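Colleague: Below, each chain spelled out in residue letters.
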Amino acid sequence: MFKSEKQKIRVIFASIIILTIIAGLIDFGQCYNKYRSAFPEMKEIPFRLGLDLLGGTHLVYQADTSQVPAQDRMSSVEGVRDVIERRVNVFGVAEPNIQTSKTGEDYRIIVELAGVKDVNEAIKMIGETPLLEFKEENSEMKELTPEQEQEMDSYNKEANKKANEALSKVLKGENFIETAQNYNEDIESKDGELGWINKNSGYLEIFDQAEKLAVGKIYNRLITTDKGFDIIKLEDKRTQKEEGSLAFDKQEVKASHLLICYEGVDNCENKLSKEDAHTKIEEIKSQATAQNFSQLAKTNSTGPSADKGGDLGWFTREAMVEEFASTAFSIAVGEVSDVVETQFGFHLIYKQNERNLYEYKISRIFIKKKTKEDIVGPADAWQNTDLTGKDLKRSSVQFNPNDNSPEIKLEFNNEGKDFFAEITERNVGKPVAIFLDGFPISIPTVNEPIKSGDAVISGKFNIKEAKLLAQRLNAGALPIPIKLINQQTVGASLGQESVAKSLKAGMIGLILVALFMILIYRLPGVLAVISLAIYGLLILAIFKLWPVTLTLSGLAGFILSVGMAVDANVLIFSRFKEELRDSKPISKAIDEAFRRAWPSIRDGNVSTLLTCFVLINFTTSIVKGFAITLSLGVLLSMFSAIVITKVLMQLVITERFENKKWLLGIKK
Amino acid sequence: MDVISKSKIWLSISSVLIIASIVSLLIFGLKLGVDFTGGSLLEIKYLQARPEVNVMQEKLADLEIGNINIQPVGEQNVILRFKEVSEEKHQAILNRLSSIEEISDEINKEESNAIAITEDGKEVTEKFNSSVIEEQRFDSVGPSIGQELKTKSLYAIVIVLILIVAYIAWAFRRVSKPVASWKYGLSAIVALFHDTLIVLGIFAILGKFFNVELDTAFIAAILTVLGYSVNDTIVVFDRVRENLPKSHDDFSSTINTSLNQTIGRSINTSITTLLVLLSILFFGGETIKYFVLALTIGVIAGTYSSIFLASPLLVLWEKVKK
Numbered sequence: 013m014f015k016s017e018k019q020k021i022r023v024i025f026a027s028i029i030i031l032t033i034i035a036g037l038i039d040f041g042q043c044y045n046k047y048r049s050a051f052p053e054m055k056e057i058p059f060r061l062g063l064d065l066l067g068g069t070h071l072v073y074q075a076d077t078s079q080v081p082a083q084d085r086m087s088s089v090e091g092v093r094d095v096i097e098r099r100v101n102v103f104g105v106a107e108p109n110i111q112t113s114k115t116g117e118d119y120r121i122i123v124e125l126a127g128v129k130d131v132n133e134a135i136k137m138i139g140e141t142p143l144l145e146f147k148e149e150n151s152e153m154k155e156l157t158p159e160q161e162q163e164m165d166s167y168n169k170e171a172n173k174k175a176n177e178a179l180s181k182v183l184k185g186e187n188f189i190e191t192a193q194n195y196n197e198d199i200e201s202k203d204g205e206l207g208w209i210n211k212n213s214g215y216l217e218i219f220d221q222a223e224k225l226a227v228g229k230i231y232n233r234l235i236t237t238d239k240g241f242d243i244i245k246l247e248d249k250r251t252q253k254e255e256g257s258l259a260f261d262k263q264e265v266k267a268s269h270l271l272i273c274y275e276g277v278d279n280c281e282n283k284l285s286k287e288d289a290h291t292k293i294e295e296i297k298s299q300a301t302a303q304n305f306s307q308l309a310k311t312n313s314t315g316p317s318a319d320k321g322g323d324l325g326w327f328t329r330e331a332m333v334e335e336f337a338s339t340a341f342s343i344a345v346g347e348v349s350d351v352v353e354t355q356f357g358f359h360l361i362y363k364q365n366e367r368n369l370y371e372y373k374i375s376r377i378f379i380k381k382k383t384k385e386d387i388v389g390p391a392d393a394w395q396n397t398d399l400t401g402k403d404l405k406r407s408s409v410q411f412n413p414n415d416n417s418p419e420i421k422l423e424f425n426n427e428g429k430d431f432f433a434e435i436t437e438r439n440v441g442k443p444v445a446i447f448l449d450g451f452p453i454s455i456p457t458v459n460e461p462i463k464s465g466d467a468v469i470s471g472k473f474n475i476k477e478a479k480l481l482a483q484r485l486n487a488g489a490l491p492i493p494i495k496l497i498n499q500q501t502v503g504a505s506l507g508q509e510s511v512a513k514s515l516k517a518g519m520i521g522l523i524l525v526a527l528f529m530i531l532i533y534r535l536p537g538v539l540a541v542i543s544l545a546i547y548g549l550l551i552l553a554i555f556k557l558w559p560v561t562l563t564l565s566g567l568a569g570f571i572l573s574v575g576m577a578v579d580a581n582v583l584i585f586s587r588f589k590e591e592l593r594d595s596k597p598i599s600k601a602i603d604e605a606f607r608r609a610w611p612s613i614r615d616g617n618v619s620t621l622l623t624c625f626v627l628i629n630f631t632t633s634i635v636k637g638f639a640i641t642l643s644l645g646v647l648l649s650m651f652s653a654i655v656i657t658k659v660l661m662q663l664v665i666t667e668r669f670e671n672k673k674w675l676l677g678i679k680k
Numbered sequence: 531m532d533v534i535s536k537s538k539i540w541l542s543i544s545s546v547l548i549i550a551s552i553v554s555l556l557i558f559g560l561k562l563g564v565d566f567t568g569g570s571l572l573e574i575k576y577l578q579a580r581p582e583v584n585v586m587q588e589k590l591a592d593l594e595i596g597n598i599n600i601q602p603v604g605e606q607n608v609i610l611r612f613k614e615v616s617e618e619k620h621q622a623i624l625n626r627l628s629s630i631e632e633i634s635d636e637i638n639k640e641e642s643n644a645i646a647i648t649e650d651g652k653e654v655t656e657k658f659n660s661s662v663i664e665e666q667r668f669d670s671v672g673p674s675i676g677q678e679l680k681t682k683s684l685y686a687i688v689i690v691l692i693l694i695v696a697y698i699a700w701a702f703r704r705v706s707k708p709v710a711s712w713k714y715g716l717s718a719i720v721a722l723f724h725d726t727l728i729v730l731g732i733f734a735i736l737g738k739f740f741n742v743e744l745d746t747a748f749i750a751a752i753l754t755v756l757g758y759s760v761n762d763t764i765v766v767f768d769r770v771r772e773n774l775p776k777s778h779d780d781f782s783s784t785i786n787t788s789l790n791q792t793i794g795r796s797i798n799t800s801i802t803t804l805l806v807l808l809s810i811l812f813f814g815g816e817t818i819k820y821f822v823l824a825l826t827i828g829v830i831a832g833t834y835s836s837i838f839l840a841s842p843l844l845v846l847w848e849k850v851k852k
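Chains A and B, in that order, give the protein sequences.
Note that the numbering used here has the first sequence beginning at 13, numbered continuously upward.
Note that the numbering used here has the second sequence beginning at 531, numbered continuously upward.
Simulated from the structure, these hints should not be mistaken for laboratory data.
One thing to keep in mind: the hints can contain errors.
Claimed, not checked - Here are the computed lysine-lysine pairs in the DSS-like style, where the Cα-Cα straight-line distance is at most 25 Å:
id, chain 1, residue 1, chain 2, residue 2
1, B, K776, A, K596
2, A, K589, B, K776
3, A, K513, B, K819
4, A, K266, A, K283
5, A, K136, B, K538
6, A, K495, B, K682
7, B, K680, A, K114
8, A, K600, B, K819
9, B, K619, A, K136
10, B, K575, A, K136
11, A, K495, B, K819
12, B, K619, A, K513
13, A, K114, B, K682
14, A, K495, B, K619
15, A, K516, B, K575
Nothing here was measured: the structure is a model prediction, and the numbers come from that model.
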């Protein structure tokens, strides 16, 4: 390719000079533009400084992905990242660095805000990002795996056995309380004391059996409910009292009624006027008896119980409207009442029977069953849909045309529109819930599929609240909840102080190194210093172009890489001296020195690069910065030693130095 | 210079240093920073007079943030350590600390720093008084993150060690006589443990007496020391590798010759690196002081071990074999 060795050296040298000039222009673009006069302008590229140099904050948020199916988790977390990015951009941070990371099963969002003036304000703003979710009714219940099913069955069989064991003990006459202490699994009462229960206490199965038992007896079978097995003993029985100071016995009435409604009353379908209705019911009343009441009700009543002859079954006082109840409870059994007027129309009541209500004092032994909820957790009433805050395009305040109350209009992006159309389509007639920050804010029922991509949150806002919420939503809404778990903040002044000092210190160190090199290695030392200066220009240009984020530890890595670059030169020069001492001609000595120093340089640098490779995967930005600059430095330092120093030596150190070997650091 | 014949001396010095390091590690232990333990670290600069520690303690007492360790630093700074807190608590702390001035003046003792309640019932704090204090650093690390970092650091160190042994074994694969190539790797690893232990030992002492805490950057420093130490050792071994086939001397003299040929380079390289490190250590910024100190100690130990530990160990291997 080249005509001679000399020409090759010159070509390489020229390329190095051009590379150096380009690097210099990139490094000092600002200076050049100041004095360029007729030359073309150079684009000024700034260094990208890390937050420990510029001041700023490093925040780690943990994303709660528990509500999201496994395959969609990463995309939800990326949605969070986009929203935070938008949020932070509104805030005006120059170059926010926002990443997602996955550690084990944890999804995180790392936010680095370098140079942000008011860190606390920024954190507050991210923290205020609303969480917007759209949920539909949970149709599919979580299903048990066959193993879980088996586990549940065998547990429940065990429980059944245990319950039968306890039952046979108490039936044989063992002390109920002691047996309860051994067997009862009800957490609230170890001794099995359930206390007084009535029809409305929520123990319907137990109540039903208690009604049939004599006081002091134990029911001789197990009562099986969804929750478990009960063994009960009826301790005592008393009539239930009405609430209030007079303490009447509480009663139940069994009655039938006949209703004639009239136009204007709720749920009334006939067209009778109120007067006509009244005339009609008076007429029926005149012929009504206990015997024909059922038949009359069947033919005349407009109530829903007409088909059953007006029979209402047993009911308590609270179950009926007041006018109706007071008549029903006051007339005698077998009597037909006078006309009663209620909000439903005109009634006639036929009282069939009445009885006292009882309360029962129960002791019980409860053996728990395992249910599906115990294993898979309680089923949520609401389940997430694909539509989340990340699909929101815009929100604005508008007023409800009916009552003029403020509402928030949501506009979705294209993807969001499709999701919303799908959701409304499959939920016609069913409610869809809009959750804000984890709470349902609005649960409208879908009347028809909505394809336009607009939704409305109508809640109990005042105008101020509505405006604020719209503003918050416009700045971005999160698809899933996040939590701040790690914060590292560096005040701007501390960073800048540190940078200025460390840079100065680095310069002092480098000057000392240059002096040392020249002192020990003379002319080659000077060449090495030149080669190192070129190395410095090149690496700074790479830092700008890449761009590498410079942190304090990154600078340390850079400075250490200078040490490595020096080391490579030192290795070569030591070899060079040795070769010269063996009285080899200079050009041969240079070649030998480079050839023999290479394995050491290579092996040493490879081990450093291996270390850096591990460090880069370490993810903490401080350590990462160090590893990146060090590895770039090591790679470039090999180039500087093997290519630049060599060319310089081949050009400068020629045969004319044969008799001036002191210049090369050799004592004659 | 006859290094090998005085092996016993060098090896004894190394042994003493290693034992001393292990003992100080066992007695004092390493003082881990919030990076690893979880918790909060807050550094504040008082622009005017810095209040007494007990005044600050009192002022923060009712914030329910548990134990607070307050350590004055330099003329104006103070470092507070406490458990991990929420952002609201963090602001409340700054608020309290910036209003200490007013307490000593007995002005608005109660109202000045009260936590305001907004209309929607959320607790928010007024902005702290930035003419009194400047927040220089705040780290808050959840305990799980700290644990994770510990595990990760250990993994990183183990992986680096494995990679290095593997690489050396590979690079020296053609050298098998009189000492097997993996023994070069093992000697390098012994040298490496030596360097790391000395750095850890010194930081255990620094932690005990000067409250120096280990952070993530320290892990980076340790790993760099590993890389540097191996680099140094490899240069010597490389010369041994080169000299062995053409040497007429026995193994130990060949090693001695190789050592003498490389000792100038080893020392010169270390001096140049140390020149840079020491100037950053003395003139550089506060934040990387201990990072650079760890590197400095590691480089000195690494230079010593590459000359006086790794090569004598090779000779020892060979003698044991006989």
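Colleague: For each hint, tell me whether it holds in the structure or not.
Modeller: Quick rundown of the hints versus the structure:
1. Under the criterion of a C-alpha separation no larger than 25 Å, the hint pairing K776/B with K596/A is consistent with the structure, at around 19 Å.
2. Between K589/A and K776/B, the direct Cα distance comes to roughly 20 Å. Compliance with the 25 Å bound is thereby established for this hinted pair.
3. For the hint pairing K513/A with K819/B, the CA-to-CA distance comes to about 11 Å; that is within 25 Å, so the pair holds.
4. Taking the CA atoms of K266/A and K283/A, the gap is about 31 Å. The hint is violated against a cut of 25 Å.
5. A threshold of 25 Å between alpha carbons decides the hint, and for K136/A with K538/B the separation of about 64 Å lies outside it, so the pair is violated.
6. About 22 Å separates the Cα atoms of K495/A and K682/B, which keeps this hinted pair within 25 Å; it holds.
7. The suggested pairing of K680/B with K114/A holds, with an alpha-carbon distance near 17 Å, which does not exceed 25 Å.
8. Simply put, K600/A and K819/B have alpha-carbon atoms about 45 Å apart, too far for the 25 Å limit, and the pair is violated.
9. For the proposed pair K619/B and K136/A, the alpha carbon gap of about 13 Å is at most 25 Å, so the pair holds.
10. Using a Cα cut-off of 25 Å, the hinted pair K575/B and K136/A holds, with the two alpha carbons roughly 23 Å apart.
11. Straight-line distance between C-alpha atoms of K495/A and K819/B comes to about 33 Å, which puts the hinted pair past the 25 Å bound.
12. Annotation: proposed proximity of K619/B to K513/A is violated, straight-line Cα distance about 33 Å (limit 25 Å).
13. Taking the CA atoms of K114/A and K682/B, the gap is near 14 Å; set against the 25 Å cutoff, the hint holds.
14. A hinted pair counts as satisfied when its Cα atoms are at most 25 Å apart, and K495/A with K619/B qualifies at roughly 15 Å.
15. This hinted pair checks out: K516/A and K575/B have alpha carbons roughly 24 Å apart, not beyond 25 Å.
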